Amino acid sequence: MAGTPIPTLFFGGRDASANVLQSNVGFTDNTVPYVPLLKTNPVAPAGAAGEAIFRNVYLTLTHSMLVDVRVTPIVDFIPLDGTNGQPDERTIISLPDLTGTQRLTERFEIGLSLPFPLTGTERFRNALRGAWFQVLIEAINGLAAGDLIFEQVELQHEIVRESLTPE
Amino acid sequence: MGLNDRRIIRLPFGEGLQRSDGVMVVAPNSFDDLREVYQFNGKAQVRKGLSQVEVLVDDVAVDLDMTLALSPLRAESAALGIGFDNATKEIWANRLAIDGTNATNLGLFGTLAVTATWDPPIIILADTDGRCLITHDEPNLNSRLVTKYYDPIAAPALQTLQADLDGNGDADVYFRGVVRHLSYIFGWGYGNATPGSQDRADVVRVSTAGNPTLFRDDAFFEVGQRQEPVMVCRPAGDFLVVFKETESYQIFGYSPDTFGIKPADTLYGCVSSRLAVSVGGVVFFWSTQGPRYTQGGQSQDIAVPLDIGGPDPATLAAEADVQNAFAEYDPVTRVVVFVWGQRVYALSIRDPSKPRWSYYEIGETLQCGAQFFTTQSSAGGGGQPADGPVFDAITPVPTIGDTNLGIDWDNTGATGGEVIEIWKRVSPAGPWGKHTEVVTTLVDPQLHPLTGLIPDTDYDLAIRYRRGGLYNPGATNTGDPTTWPVAAQTSVTTLLGVPAPVSRGDNNGLWEVTGASTEQITVNWTIPAGHETLLIEVERAIGTEGDSTTQAIGGVAIGPPDTGGAQAFGAFSALASSPLPAGTTQLVDTAITVHQWHRYRWRFVGGVAWSSLLDCFAGPDAPQTDAWSAVGDGLLNYILLEWANATTPTGRTSCPGPTAAPGNHSTLAYANNMTLNPSSDGWAPGLTGDVELPYGTLGGITIIPTPAGDGTTVRVGLRHRVTCFGTQYPSYWARFGSTPNYIVTTAGTTE
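Protein chains in written order, with our numbering: chain A, 86 to 252; chain B, 172 to 922.
Hints were generated in silico from the structure; no laboratory data involved.
From a predicted model like this one, the values you see are computed outputs, not experimental measurements.
Do not rely on the hints blindly, as some may be mistaken.
[Stated by the list, open to error] Facing chain A, according to a computed beta carbon distance under 10 Å, are these residues of chain B, among others:
1) 177
2) 226
3) 230
4) 232
5) 510
6) 529
7) 540
8) 630
9) 662
10) 664
[Said to hold, decoys possible] Each computed EDC-like pair below joins lysine to aspartate or glutamate, with the alpha-carbon atoms no more than 20 Å apart:
11) B:525 x B:472
12) B:525 x B:203
13) B:260 x A:236
14) B:260 x B:234
15) B:214 x A:223
16) B:214 x A:153
17) B:214 x A:173
18) B:214 x A:100
19) B:433 x A:236
20) B:525 x A:194
21) B:605 x A:100
In this text, a Cβ means the ideal position worked out from N, Cα and C, and glycines have one as well.
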């Protein structure tokens with residue numbers, strides 16, 4: 086019983102056998118992995134009818150877990166994930182295993198831009214422009230021992246054209 | 172703000188889901204989708220996983236298919252789990268250690284009826300005062316299982332809850348659910364045993380203080396409209412909130428004298444029996460419009476951010492049926508979880524003024540949950556036992572039986588309050604399991620019978636003390652009692668039982684004529700419990716009636732009534748078909764000898780004792796002699812005979828041939844005038860000629876004239892005769908008179 090915090094929440098399963106499952110242990114659900122996912126609500130820095138350049142995303146994490154964190158920008162409600170003809174602008178941040186030492190809080194800068202392809206080859210990049218911006222953050226490729234805490238996202242932008250203020 | 176200025180928008184992670192507000196007004200630091208994290212003020216932390224620590228088992232240690240309910244056993248620093256067998260529909264109770272391990276089967280709670288509304292069944296538990304009540308939340312009263320409770324020091328450990336709720340004596344109770352509040356247990360959904368009053372879904376009953384299994388007939392509440400069911404009750408501080416589906420009530424007070432009830436919320440109730448959880452003085456519950464919370468009065472909405480009526484986030488796990496959903500509180504993360512199978516609505520309440528939502532998608536479908544507590548002050552109830560019990564000896568025969576056994580031990584070092592756990596396994600490789608537990612008596616030796624064992628089987632036994640959640644030194648390894656102190660272990664072998672013959676009155680020993688020249692005798696016995704897998708050996712001996720002098724009567728050579736000497740049986744010999752397969756309960760013996768007695772006996776292969784003997788005659792049954800008397804006028808005396816015929820013309824006889832009509836059955840009376848023929852060979856068919864009487868249904872009365880007058884010594888015998896397939900089959904003889912079967916005529920009244 087040593088090491089078991091009291092009180093502890095236990096669950097009973099119903100899939101294959103009469104499992105008794107202790108919560109807050111490990112990083113799978115009885116060997117089944119799960120994927121943390123955070124998708125922010127949309128923000129329009131220049132207003133709904135305005136336009137802005139989205140320069141950078143700064144993601145602040147506190148971590149000790151060996152894990153990959155994937156960041157997907159979503160502009161005007163379209164994820165830039167390589168599907169539906171969109172460019173793949175996802176960024177993966179690989180975090181090291183810091184268990185046994187301490188949790189580390191870090192700020193990761195993720196540049197935002199769009200490729201300009203010519204005959205299938207990226208020639209240069211354009212600024213990422215739009216009205217609405219969201220970010221999708223996922224912890225992929227499996228969790229591990231340790232902690233992963235999402236602290237904050239900061240969006241750096243420039244206003245290109247503001248919405249008109251309603252009368 | 173001017174153009175071309177680089178600006179920063181800060182989006183701290185901590186606002187939780189906000190899916191209902193429009194994009195023009197929604198807070199940018201809230202989330203459209205948020206999974207597998209719980210919320211603090213300003214950050215979101217990835218949740219930990221779930222680890223399987225145990226699987227619940229049935230009575231033979233086979234894993235069950237589903238965990239239906241869990242509950243702490245606070246007074247025992249242990250826990251209770253209820254498991255379900257999908258195939259047999261059996262619902263088993265298991266005791267668990269406080270860390271969820273060491274599942275020990277406690278017994279069968281019940282078997283789900285095929286007419287039950289919900290499969291899997293919904294089970295609700297409540298522990299208090301060292302016991303744990305187990306209820307079946309089944310809307311259909313006729314399919315609902317009786318309420319039971321686990322009592323660690325009772326035998327059996329699962330007891331049926333009974334109460335006198337209508338003044339007509341104790342009767343079984345069928346609550347739909349139970350909850351502890353103050354020092355009481357509240358149970359709902361049952362009226363009383365009086366027909367018409369049982370199905371009272373609106374009734375909440377309260378136990379006596381401190382005794383969770385004692386309910387009085389006058390301690391109940393009728394909540395709201397009749398027949399609108401109470402869904403669930405949960406304490407909110409000093410109040411007990413009673414939820415119906417679309418309204419809720421508040422039971423206030425602290426004793427039967429002060430208890431009262433009043434409406435709390437006329438619009439919102441709880442949609443399921445387990446979708447409410449108490450956290451401190453607040454109850455979080457799921458209403459018809461989503462989650463809400465209450466402190467006993469009007470409830471408050473917390474559902475809006477989830478946008479329950481809107482589209483779900485893409486790929487989010489589907490919800491389970493509402494009856495299988497439940498709510499619990501995780502004290503480690505301070506999250507209220509509304510669990511709908513694999514989908515969990517997680518409400519972080521670290522900052523109670525700003526609850527925040529997220530989703531969990533659990534890798535395994537969940538059916539129930541519970542917090543396991545330990546009460547450190549009572550965990551020992553006096554601390555760990557300083558010493559362990561010691562076996563005296565296995566009490567010798569006759570307390571070693573085929574399925575039972577008597578054991579005794581010395582309560583070494585016991586101070587009172589220890590529970591003796593008795594474990595057993597089939598030696599040497601069977602799985603260990605706790606057989607039962609009893610409280611120490613502090614009397615040495617302490618005796619206890621074990622039942623339900625397998626015959627002719629080697630058992631290893633082990634015993635230990637338990638006080639609260641603590642065991643005597645050296646006996647903490649529940650998985651392997653062979654590691655316990657040697658003096659607390661012993662072995663014993665159970666005996667073999669004997670198949671018991673069914674009574675002759677049940678048509679046992681049936682003689683049948685199956686054809687013109689074929690007959691058979693059928694013998695039946697029963698297999699005692701636990702012996703179903705054992706082979707059976709059968710022996711037979713042939714006996715006669717001593718018919719040294721034969722006469723041809725009706726074409727069949729049979730002997731006369733003898734003087735009542737003992738039947739002479741030959742030696743027993745095994746039947747050709749012996750041993751019979753395990754579980755056999757009938758022998759059909761076709762190798763029989765007409766007009767002979769057949770004596771059978773049987774036992775399990777390897778056994779010592781034989782069954783009692785069963786004698787069967789290869790022929791119809793004889794009449795049963797009843798009484799006789801002599802009447803006469805001194806010159807012409809008669810003997811008045813009374814007898815009982817067999818209940819059918821041929822008794823335990825089956826004679827299906829075309830000539831087996833009742834007209835072919837008869838009763839033959841023979842007599843021997845001993846006065847004239849003192850030797851035993853003077854038999855004649857009656858004294859005035861052949862006396863062949865029509866078969867009578869129940870008893871016959873006839874008069875045999877005795878020519879010698881008063882003082883004549885006569886012996887009289889009767890037998891039945893049946894004609895089957897053209898052949899006459901006589902019964903054995905029935906005789907009148909006492910030893911040596913004489914009737915002495917005397918002067919009687921004139922006829």
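Next pair to validate is residue 214 of chain B with residue 100 of chain A; report whether the Cα-Cα distance is within 20 Å. 33 Å, violated
Can you verify the interface hint for residue 232 of chain B: is its Cβ closer than 10 Å to any Cβ in chain A? Interface hint status for residue 232 of chain B: violated (12 Å vs cutoff 10 Å).
How about residue 662 of chain B: closest beta carbon in chain A under 10 Å, or not? Violated: closest Cβ of chain A sits about 31 Å from residue 662 of chain B, beyond 10 Å.
With a cut-off of 10 Å on the beta carbons, see whether residue 540 of chain B makes it to chain A. Because about 4 Å separates residue 540 of chain B from the closest Cβ in chain A, which is inside the 10 Å limit, the hint holds.
Residue 630 of chain B was flagged as interface toward chain A. Is the shortest Cβ-Cβ separation under 10 Å? 27 Å, violated
Pair hint residue 525 of chain B and residue 472 of chain B, alpha-carbon separation not exceeding 20 Å: With Cα atoms ~12 Å apart, residue 525 of chain B and residue 472 of chain B stay inside 20 Å; holds.
Holds or violated: are the alpha carbons of residue 525 of chain B and residue 203 of chain B at most 20 Å from each other? Judged against 20 Å, a Cα distance of about 18 Å means the pair holds.
Next pair to validate is residue 525 of chain B with residue 194 of chain A; report whether the Cα-Cα distance is within 20 Å. Between residue 525 of chain B and residue 194 of chain A the Cα gap is close to 30 Å, so the pair fails against 20 Å, i.e. violated.
For a C-alpha distance cap of 20 Å, please report whether residue 605 of chain B and residue 100 of chain A respect it. 27 Å, violated
Per the CB criterion, is residue 230 of chain B less than 10 Å away from chain A? 14 Å, violated
So, as I understand it, the hint says residue 664 of chain B touches chain A; can you test that by seeing if any CB pair is closer than 10 Å? 33 Å, violated
Next pair to validate is residue 433 of chain B with residue 236 of chain A; report whether the Cα-Cα distance is within 20 Å. 46 Å, violated
The structure is inconsistent with the numbered hints 3, 4, 8, 9, 10, 13, 17, 18, 19, 20, 21, although it conforms to all the rest.
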